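Colleague: Chains as they are written, first to last, in my numbering: chain A, 1489 to 1754; chain B, 1489 to 1754.
Source of the hints: derived by calculation from the structure; they are not laboratory data. Incorrect hints may have been included.
[Said to hold, decoys possible] Derived pair list, reagent style DSS-like, types lysine-lysine, alpha-carbon separation capped at 30 Å:
| hint | chain 1 | residue 1 | chain 2 | residue 2 |
| --- | --- | --- | --- | --- |
| 1 | A | Lys1657 | A | Lys1508 |
| 2 | A | Lys1699 | B | Lys1661 |
| 3 | B | Lys1583 | B | Lys1547 |
| 4 | B | Lys1564 | B | Lys1581 |
| 5 | B | Lys1699 | A | Lys1661 |
| 6 | B | Lys1564 | B | Lys1547 |
Just so we're clear, the structure is a prediction, and the values are computed from it rather than from any experiment.
2 protein chains.
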Amino acid sequence: MQIDIQFLPFSPDPSTLSRKTIVVIDVLRATSVIIHAISQGALEIIPVATVEEAFQLAKHFPQGTPLLGGERGSQKIKGFDLGNSPREYIAEKVKGKTLILTTTNGTKAFHSVSSGREVMAGSFFNIGATAKWCLDLDRDMLLFPSGDGGSFSLEDTICGGMLIDQFIKIGGKSVALTDAAQSAHILYQRFEDNLVEAFHVSTHGRDLVAKGFEDDLAYCAQIDITNIVPTFRDGVIRSSFAPSLSPQRLCRNREQRGRGSQVPKL
Amino acid sequence: MQIDIQFLPFSPDPSTLSRKTIVVIDVLRATSVIIHAISQGALEIIPVATVEEAFQLAKHFPQGTPLLGGERGSQKIKGFDLGNSPREYIAEKVKGKTLILTTTNGTKAFHSVSSGREVMAGSFFNIGATAKWCLDLDRDMLLFPSGDGGSFSLEDTICGGMLIDQFIKIGGKSVALTDAAQSAHILYQRFEDNLVEAFHVSTHGRDLVAKGFEDDLAYCAQIDITNIVPTFRDGVIRSSFAPSLSPQRLCRNREQRGRGSQVPKL
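The following block holds chain A by itself, in its conformation from the complex (with noise of 0.2 Å):
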């Protein structure tokens, strides 16, 4: 099982993805927006490129059905439902809906990748769960950060980071990683002891910091508060478990880890 890591999110060869599982990541904000909202109830996310193209998928949906979400210089779209902050898709707002999801990075990159075996949305709220997953899969894996307008990104590299931690803790020789791989996780060892520092030095957790989100730091720096690993099919986001993954093994492993971070009920 080797493991990769794209550190630049232009869209790869799709002939090289199709045995393979990927992971996107956009931990600041849109895989942890998409794992939030699929937790609390979002019946499906469409992640789309532009603005443009939200709104006019929505017109084929009956008036008022779908929400449409997402940012643009992180904030706010005009006419939208809900920005980019995972702290807003809650139960209350998004259980049983569908969501249009537009935002810089991380709605483009599932449809750069879209050719793989399986692509997952990844963050640290789902971690614990999404390195079980690949596990049982056992696939050649690529781990595609969104990057931050096409650059690279260090939050999205750590989160990288941390699942390769995890494989290596779980799958021992079975994982051979890759230059870049092993680079993430020693970037992610770099900062596992306080992972909000990483947000904290990154150009795009302090461009947020700046535009008043920096509350949305310390929320999406939480980890394993879900066992829902969202993937991406067909042009839809949609609600999966890992299936030998059960909820009391989830805070189990958690427990383990002896990781502190207040964890909200979901």
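Starting from the known structure of chain A, arrange chain B on it as the hints suggest.
Modeller: For chain B alone, coordinates are given in the frame of chain A:
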């Protein structure tokens, strides 16, 4: 002065480079070869992308005057004079000569960034002189690891991270780092006490060991064995010295850092 490092070796948009200083890095082994050859008195090096191009170009010179050097699959190319080990490029062979060089990654990289304001060749051999010169120029910079067959290269990134370390220590607060540059610096810090270890865990380093080039790893890990910074202009790499860096000052810098690598006389 902003420092960036591009983790994957695709050609950047030329318009983004024209005001920047670029440092091409291919520690194992193209830029190590280039710096070594120039420091041993080679007149000039013409980097070309293909073996065919090398043979064609040689025809334009009086017979036997240019030396052909390089590798494919790390091995010397049939009909070439020299391979891709810096230890081959000694004064007895290269002094006063024009070299035509083609390697899998490094020689292509120079053409990928030819729009840069200055395009330098960097490796551990000349890292102090490169850092000093870049700081004297005081322009935004792009470090350009040549990669490994199009993929991320650990050893080149760590060399970039060491350059960044020197920028921070000498340049202080005037140096702004992108997420990628911060990450390269962290990766360097992980291996700074044992650069050869980094070579041994990297994909390309392990491949070189398997092919019988293990001695090149320790050789290429030598720091500051010359103060020459070769520069690429109009398709040719020639010798340059950092203007304000005398050989005496270079020696003092090395002593201050207290790095005890064995330094051959070049």
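Colleague: If a hint holds in the structure, say so; if it does not, say that too.
Modeller: Hints, one by one, checked against the model:
| no. | hint | result |
| --- | --- | --- |
| 1 | A:Lys1657 x A:Lys1508 | holds, 21 Å |
| 2 | A:Lys1699 x B:Lys1661 | holds, 24 Å |
| 3 | B:Lys1583 x B:Lys1547 | holds, 21 Å |
| 4 | B:Lys1564 x B:Lys1581 | holds, 16 Å |
| 5 | B:Lys1699 x A:Lys1661 | holds, 24 Å |
| 6 | B:Lys1564 x B:Lys1547 | holds, 20 Å |
Checked against the numbered hints above, the structure breaks none of them.
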